[in-house]
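So the protein lines, in turn, are chains A and B.
FYI, in our numbering the residues of the first sequence are 207 to 459.
FYI, in our numbering the residues of the second sequence are 199 to 763.
Hints were generated in silico from the structure; no laboratory data involved.
Nothing here was measured: the structure is a model prediction, and the numbers come from that model.
Hints are supplied without guarantee of correctness; some may be wrong.
To be verified - Derived DSS-like pairs: lysine-lysine, alpha-carbon spacing no greater than 25 Å straight-line:
1. 612/B <-> 418/A
2. 651/B <-> 308/A
3. 651/B <-> 418/A
Residue strings, one per chain:
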Amino acid sequence: MRKPSLFTICFVIFVASWIFLRYIVGSLISVPIPNSVIVMYMALILIAILVHISVEDSRLSEFLRPIIETLVDENKKVRRIVLVVLIPLFMLGYTYTNIAQKASPPGDPRDAHPSPPLELTYKDEVIEDVENPYRHLEKDNPEEFKSHVENGRRVYYDNCFYCHGDHLDGQGHFANALNPLPANFQDPGIIPNFQESFFFWRISKGGPGLPKEGTPWNSAMPIWEDHLDKEEIWDVILFLSEYTGYSYREVGH
Amino acid sequence: MRTSIFVLSIIIFLLFSVISISYAQDAPEVSEQGKEVYEESCAHCHGVEGRGDGSAAENLLPRPRDFTRGLYKIRSTESGQLPTDKDLFDIITIGMPGSSMPGWETSLSADDRWEVVSYIKTFYEGFKENETPPKQISLDGKIPYSEESVEIGKFFYTQFACFECHGNAGRGDGTSAPTLQDEWGFKSWPANLTENWNFRGGSSTEDIYKRFIGGIAGSAMPMFEDASFGLSVEQAQRYAQLENKVEMTDAEDEEFNQLDENMGNAYDILDMMTEGIANDEQKQKHAEAMKVFQEKSWHIANYVKSLAPEKRPEPAIGKNVLRSQYTVDTLPTIDDAVWDTLEASYFPLVGQIIVEPRQFNPTIDSVNVKSFYNDTEVAFLFIWDDRTNNTEEQETEDFGKTFVDAIAIQFPVKVPQDPTAPKPYFLWGGKKAVYLWQWKASAVNSVTELTAKGITNAEIQEVQGDIQAESKYTDGQYRLWVKRALKTDDKKDLQIEQGVFVPIAFSVWDGANGDIDTKRVISSWYSFVLEPVPSSRRFIYPPLVALLSLGILVGLRGFVQRRNT
Chain A
207 MRKPSLFTIC FVIFVASWIF LRYIVGSLIS VPIPNSVIVM YMALILIAIL VHISVEDSRL
267 SEFLRPIIET LVDENKKVRR IVLVVLIPLF MLGYTYTNIA QKASPPGDPR DAHPSPPLEL
327 TYKDEVIEDV ENPYRHLEKD NPEEFKSHVE NGRRVYYDNC FYCHGDHLDG QGHFANALNP
387 LPANFQDPGI IPNFQESFFF WRISKGGPGL PKEGTPWNSA MPIWEDHLDK EEIWDVILFL
447 SEYTGYSYRE VGH
Chain B
199 MRTSIFVLSI IIFLLFSVIS ISYAQDAPEV SEQGKEVYEE SCAHCHGVEG RGDGSAAENL
259 LPRPRDFTRG LYKIRSTESG QLPTDKDLFD IITIGMPGSS MPGWETSLSA DDRWEVVSYI
319 KTFYEGFKEN ETPPKQISLD GKIPYSEESV EIGKFFYTQF ACFECHGNAG RGDGTSAPTL
379 QDEWGFKSWP ANLTENWNFR GGSSTEDIYK RFIGGIAGSA MPMFEDASFG LSVEQAQRYA
439 QLENKVEMTD AEDEEFNQLD ENMGNAYDIL DMMTEGIAND EQKQKHAEAM KVFQEKSWHI
499 ANYVKSLAPE KRPEPAIGKN VLRSQYTVDT LPTIDDAVWD TLEASYFPLV GQIIVEPRQF
559 NPTIDSVNVK SFYNDTEVAF LFIWDDRTNN TEEQETEDFG KTFVDAIAIQ FPVKVPQDPT
619 APKPYFLWGG KKAVYLWQWK ASAVNSVTEL TAKGITNAEI QEVQGDIQAE SKYTDGQYRL
679 WVKRALKTDD KKDLQIEQGV FVPIAFSVWD GANGDIDTKR VISSWYSFVL EPVPSSRRFI
739 YPPLVALLSL GILVGLRGFV QRRNT
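Just chain B, same shape as in the assembly (with noise of 0.2 Å):
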């Protein structure tokens, strides 16, 4: 008896502090420590009255969010709903990656992040009237990565129209891109989907489900609908068959009528849903029907993840740098296959904010580079996107003024003979001249030699070396094939070398985000180069030592022997 009371206890004692526990997930009574852990961290960015108008909002993009308009972006909400408690705490806490947010778990307790909770919750009336929690969005039914998956998601991503804002690849290069604002007016990029390190509300195939189920509030993502309402995955992917099919037969046609007479029906048994007369049986299909959304709404999920490499590649740097490969053939053009081939090296850029005018809200987010070479030239790929494809400086009303797309890859005029020989200055050089190809949109297949000395002196060569380019935009992405000799007569040109490492930087202008001169994204000083031969010596020393070794022992051998008898 004594010991069923002793666990009995235990058990309400367990039940207790599970129940504080959860409780402990609701942000405590506004307090004093709140406002004053915000003010010293958040107002700055936020404004003193959550109105995301602190002295540093100017600058960034996007901008910190105004608390007082209840616009939640990353939440584990359904559509319309306000954040949970949690959902702020976490996004306190982890920061959003891509934007000016960091995560503050380093530099605030758990104790003060939860009092900024309650704190930034009073800047909207919403959050005190809103009794019942929000509704959560559901993450049942998760179909688990495939590439089956993957493959039914791109089908949905095209038909739910993804494309339209992300483009066709993914790189947020789609037709209404340039034009998307958010609810305060400012200017409102898609998503690029293949850079997902980037992604606000972090990157897991759960992340990315509640983003298109919940809709990214504020901004142009919309909760999602579903195109095919009704009916199934298969049943969608025939109907989308037969839509293209420019001649039907009287049984397709019969077929086609019936699946778009399906849809027709879920969409009114959804009026009647929201009229709240929908009879059980109703309600029943109409669970189905949404059942099905999820269902297709995982498989976009799926294939969005499927874009983007497992994490950001790592800068070329140490093991990583850029090795210009060696072929005796002549050397790629901008299609080779065998590009392909040959990994990219990886070089983040960030924007200019050194010299006025200057770039804070950069779009673009790196530039990848290969390269091969042989005996007498080097040919480089550049790869870099963007969401939009400038070739002239334009002034409309919808895109505003645009200037040209451009790149400028920057060498020094002589490479520094040892590590600490001074380099020029890495922002286009300074008493000591850089050497650099500059392209631009407007003028696709060919590429300027400039020497500059700083980032507002830089002159065109007045011999123009033979440097041939081509390039090519595709979905939301330019590539940039270049091939030089590797020895010029002309002084104010670079020589390259085998095996000698030589500096390297970039800088890219995204003419739609209003880059033009000194306004642009920049790289530090890497180095690139042409990877030796491999010598042939690796075939003859090893095994030479390997039969010497092998020699050593049998010799050894024959000694012990020799000295035993």
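If we strip away everything but chain A, and leave its shape as in the complex, we get (with noise of 0.2 Å):
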């Protein structure tokens, strides 16, 4: 077999870059690469092939010799008219399918977890314990926990698990008609990075209760404080923890 010419080395290098970052990368990391940063990497790549095939003069008329043959040659006819047909005909429906592309819904710019407000508070009433007032039981009285964390579990199952699930995981039989998705507290980006006291807020004050960047107009997480007392909703908090294996941020962390 023939040693491929530098041409079709660089065509193919630069082919797969493409197919690489458009696809192999996209279903590695489970998100596809936007648009814009793949052209920014295919630029780089072409400016490499550029400075490649130009440090020396010999290179570049090595890489040029194909493409003058296919356009000149008398033996490479099949090849040119090939060629001629189909450039067009790629551009011809590239051209089109963007022109005729469906306007997209716009997207929903939602942060899941924005900040807390300053103050907490129950109803008015405002909560000066950052801590769990139930978690020192814990250590100090292990039986009383257990029974907070049973309260917990109850609370759960006739509140929270129709949306959030029997696992936690976000998947509850109400789930698959809510969009956002209610919280999988599964994720192990959930429970670690927030303190027991945002948990509290965002389960006392609901979706309604979010601010505007957390577009309060979508979620469907009802305001609980309407539902149930203080003591339920720091008892679920510890049920959630309990049953995951994950532990809250510590206050001050």
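Using the hints, put the two chains back together into the complex; each one sits in its own frame.
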């Protein structure tokens, strides 16, 4: 087999890089790379190729040789005709699909975990504790702590599991119709990143209590201070960490 | 010699491993571990004592299984039999779609699930007494899915009177549907066969077949009985054909009587079989009749399979967003065939559990929407399944208290200008108002305009605009057609512009399910757009670009040629 020409090598590298960025990286990190980033990378790769071939005159002419041959050589006629038909056809299709593309609906930029207000309240009452008032029982009185967790379990299955699910994974039987989806407490990025007081705020004020960047108009999370008392909310917070095995971020960290 | 001993020992070893695998199919001895897992993961719905009365049970329909009665819905075993251990294990593993029972594969190890199987069996004495394994339904003689089989299945669907509960089109809207209760006296709706993603025991043809060969224990779904027992598929069809004839010729009369007699004989043999006095020939005949019955059942299974789409439709977001299509003509009316050319956008619905009174047990799964618009008006077709047509508030002995079916379509009064701009609260607005079209089954051809600033804070607009509406209820399905001008003079109305994405949301009430006021099913915000008429530029620019690239190629060739010479 003949050694591939410099042009073929460059062409293959260019196309392979694009496929790698567009499809392979996207599926590896499960989020596709934005088009603008791909264009940037591709521009860099193109520049690298151009630099490579233009360092020496001989390399440049080796690179250009197959192009020139295709354009003028008599025995490359078939290839020439095929390309003269294919390239304009490709351009036709490409521009058409770009122009005929349908408008896409606006995205909903939403901060799922916005900053809580400076003051923690339950209804209108200011809560001074930033720590769970029953957390200390874990060391001081394990029996009583257990009964709080059990009460939290009851609260959870009476109120929360419809959306947040039996497994606390946000896949309750009501979840599929909701947008945004209910929080997944099994996600390692949820419980360990927030203090218990943050959870107390999110539960008691619900969706409507979110600041603007949390798109309060979209969230189906009820205002639980209307249905649950303070102890029930703190207890269900204990239950969430007991069930999942994750610890909340500690105060001061 | 040595090698043969070696081979033999390998064979023996393999045999033993096969045997031990099949032993592993059975649940282990009851252990403390099973009890622990049960109390940790199951008891809050199924109750500590397995009575299906955990603290969450009250708000669930279907109710969590009561394990003390030994009635299990989803089994691979014949009617009246207990489930196999594997059946119980599978339900725990996969869960029951359309109910609140999730699959536990991700959160319990296989070991734990087997332990739980052993433990829940202790709640019912019958499992101990039963030494012989339950009789499993044979899946032999499966008839592959085909158009022809679906047609035959449709015939038997009618002949076996499936429609009495499941309705003519399979939407669970049969005449007896509203009266059905389960063994525990709880409301039990027949399955909507067009939504097979909600089938508790799975939606494969085999699953469906097992459900009616074995029945769904504790529910109103009985074990099937062959309504034309002893007749072949063709004979049964002929029998029905003759039965419906107003006048029969003598030959036909004789044929009919012959078929009738065949059936009678088959039933007589059945009686003898149950009494245990049938001879070998009769046993043979009975086995044949049963085989034909199974054949008919496979046809019905194929028919039921044909009623639903392959999978649950994708919700109307992203590429599935609701796009109203432009037409230059007048907009289609409710029965226009042109609606069939559009694919519906699917909006899943969920019980409203935010504001009291709440709906924890919704009966309406979704609403499907299609839309056309022209230069001045827009028309929508809203389609949703509801098993009963409740046109007025009623209180009857059979059905209890029922309310009026209704739907409300919600838009913001003002379309947010950019994606970050606030929308009204999705549940009928708040500080920002929403604009609503409310339709009720008590006034089928009118829609009322409302303005709401909260779910309990809606008022009828003083100026009712010119909105045309028409609705029909057929075979368990509502179709509501609404038409309005794109622009109105009323400041409280939504103004609709081409190419602008407009938020849209739904509330639906099923009167037979006790839905009224805040008790309803809802959706979150979605959006729709009047799809802009495709620009004519798409016919101009692409050919230009193609020509240009051709020109460049030719020019390049010319350039190179000149340089070479």
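Now for the hints, and whether the structure bears them out:
1. 612/B <-> 418/A: This hinted pair holds, its Cα atoms lying about 18 Å apart.
2. 651/B <-> 308/A: Violated, at roughly 34 Å.
3. 651/B <-> 418/A: holds (18 Å)
Hint 2 from the earlier list is the only one contradicted by this structure; the remaining hints agree with it.
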